Amino acid sequence: SFPDEWENHERSRKLWRVDVLHGKHYLLIVSNSEPDLQRLEMYGVAGTASSKNYDKFLGSLMNGMRMQFRVALNPVVAISDTAETRTTRGRVVPHVTYDQQMNFLLNRAQKLGFSLNENEFTIVERGYSLFTKSEKPIRLSKAVYQGILTISDADIIRKTLLEGIGKKKAYGFGMMTVIPLDNLNK
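Here this note's numbering is used: position 170 in the sequence shown is 458, and no number is missing along the way.
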């Protein structure tokens, strides 16, 4: 779906997520290059794909702006069992309770360029996503967050929107989408 990468034998990382709205599936992608929409439509509905340049939108982000957001994350924590493993990441275990999953995003927000009020966001979907890697099943904890954020550092949130959040981006996690609250009424 990205012919320039195919021709140059290069593959860049892309952020992606599948949203289901009103019973319809939508594939959202953030990438450095524009995809071949006809190739993407081979896996969806003909005539429905569209592409937009993200640069103007990213340039319009300013500190203090309030935005509606949505992001699917794999909320986990690394636990070191002994003093020997404290220098490495440790055993990775999923956060499974609602409070653990809410705190997962709350505790990272400032580093990602935004602030959250715990009364203005929630988890709209929780569970597990199943994948196969090298013919082995993978089960990843999933929490989909939605609500209102306030931009505290426009440069950092731009990076967050372009690079995503977390380590499981290849599985459709980490892509945050935002809409300025002013645009919701238009």
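Note that these hints are calculated values from the structure, not bench results.
Be aware that one or more of the hints could be misleading.
Said to hold, decoys possible - Cross-link-like lysine-lysine pairs, in silico, DSSO-like; alpha carbons within 27 Å at most:
no.	residue 1	residue 2
1	K312	K457
2	K421	K455
3	K340	K312
4	K399	K424
5	K312	K399
6	K456	K312
7	K302	K424
8	K421	K457
9	K447	K302
10	K302	K455
11	K399	K457
12	K340	K457
13	K447	K399
14	K424	K447
As the structure is a prediction and not an experimental result, all values here were calculated from the model.
Against the structure, the hints:
Restraint check: the Cα-Cα separation between K312 and K457 comes to about 22 Å, which is no more than 27 Å; the hinted pair holds. As the CA atoms of K421 and K455 are separated by approximately 15 Å, the hinted pair is consistent with the 27 Å bound. About 20 Å separates the Cα atoms of K340 and K312, which keeps this hinted pair within 27 Å; it holds. A C-alpha spacing of about 34 Å is found between K399 and K424, which places the hinted pair above 27 Å, so the restraint is violated.
With a C-alpha separation of about 33 Å, the suggested pair K312 and K399 falls outside the 27 Å cut-off, and the hint is violated. Our distance criterion of 27 Å between C-alpha atoms is met by K456 and K312, whose separation comes to about 24 Å. Pair hint K302 plus K424 holds up; C-alpha atoms about 23 Å apart against a cutoff of 27 Å. Under the criterion of a C-alpha separation no larger than 27 Å, the hint pairing K421 with K457 is consistent with the structure, at around 14 Å.
At roughly 13 Å between alpha-carbon atoms, K447 and K302 fall within 27 Å of each other, so this suggested pair holds. For the hint pairing K302 with K455, the CA-to-CA distance comes to about 13 Å; that is within 27 Å, so the pair holds. For the proposed pair K399 and K457, the alpha carbon gap of about 18 Å is at most 27 Å, so the pair holds. A threshold of 27 Å between alpha carbons decides the hint, and for K340 with K457 the separation of about 21 Å falls inside it, so the pair holds.
In summary, the hint linking K447 to K399 is supported, as the alpha carbons are separated by about 11 Å, within the 27 Å threshold. For the suggested pair K424 and K447, the alpha carbons sit about 33 Å apart, so the restraint of at most 27 Å is broken.
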